[in-house]
Amino acid sequence: MSSLTKTLPFNYPVLVADIGGTNARFALVDHATAPTRMCGKTATAGHADISSAIREVVFPETDQKPKTAVIAVAGPVTGDTIPLTNAAWVIEPLKMIADLGLEQVIVLNDFEAQALALPGYRGGDIEQIGSGAIREASTKFVLGPGTGLGAAAMIHAADTWIPVPGEGGHVELGPVTEEDFKIWPHIERVGNRLGAEQILSGTGLPRLARAVADLSGSERMLETAASVTQAAEDNDPVAVKTLEIFARCLGRVAGDCALTVLARGGVYLTGGVTPRITRFLTDGGFRAAFEAKSPHETLMAKIPTFIVRHPDPALEGLASFARTPEAFVVDVQGRRWMAAAGAN
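Numbered per the working numbering, the sequence shown finishes at 326, counting up by one with no gaps.
Just so you know, the hints here were simulated from the structure itself, not pulled from any lab data. Hints may be right or wrong, so weigh each one.
[Said to hold, decoys possible] The calculated lysine-lysine pairs, modelled on DSS-like cross-linking and capped at a C-alpha distance of 27 Å, are: (1) K223 with K164; (2) K77 with K164; (3) K275 with K223; (4) K49 with K77; (5) K77 with K47; (6) K47 with K23; (7) K23 with K49; (8) K275 with K164.
Could you put together the complete structure from these sequences and hints?
Printed below as a string of structure tokens:
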């Protein structure tokens, strides 16, 4: 079977795991029609490796040990040893198979997992921003300002869903409004360029805040994303202006992504920053910037945008894949390991 064909059904139970730099979250899918069964989260620093974390967090929650593991990590999967960017763990799928008695392990990108969740969102999982309506069986896009700016598309083609991770968070971001042109010279460049992630992320927020303060002649120092969002809650003028610009720029980048793949199924905002800046995303500036794509304003007005409210979107995406792998085409070349067979 080609690595790009639909995946065969998994042997259950399936363990799904979202491995971040600080925390690891685990859940189980007991069978193809079972709901996601949360097992809990744990600090990666509290365990020597992923196997010990699974023994402590997952095994006490189930009588039947998992046979399959589907894992999301932040970063590329390039071999049999997968180091985490911001944690000491190294994911070794073959060692996991030996340690835990698994039949197979699949490792995906974290925003690929976020994309897998998009077709299944319902009700309170999402909150719409502005106008537009989901066009069924149409491409979707997820954009997530967190530590960085993650991005992925969920393409709909030939009656199936195809997640496509990428590095869309690193596209260029230039000035558009008069205010932008005044502020941009004050923004610190990284690598002699100004990419979207260098502003639209937890690390970018303080960079933008320094530029706003510099332009206004303020000595206000906001050195972390949390300090910016907290100051904005207290109506600090530098923080408020920073988040107004942030939301407007996020709208522009989200609109660019929507145009690139014609995301008539909607654009979805996730990431750690998003839930902390809701009022700046819903006050009109984000949506106005999203739609301001001449000559395609009419098209953009029809594409909906959403804040993702689901508490564990990556886990839910992996669980959706675990329940119905035949509904997706996922590239597992070099990212699937089988017991006694090595990488496939």
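A quick look at each hint next to the structure:
| no. | hint | verdict |
| --- | --- | --- |
| 1 | K223 with K164 | holds, 13 Å |
| 2 | K77 with K164 | violated, 54 Å |
| 3 | K275 with K223 | holds, 23 Å |
| 4 | K49 with K77 | holds, 14 Å |
| 5 | K77 with K47 | holds, 16 Å |
| 6 | K47 with K23 | holds, 18 Å |
| 7 | K23 with K49 | holds, 20 Å |
| 8 | K275 with K164 | holds, 22 Å |
Taken one by one, the earlier hints fail for this structure only at number 2.
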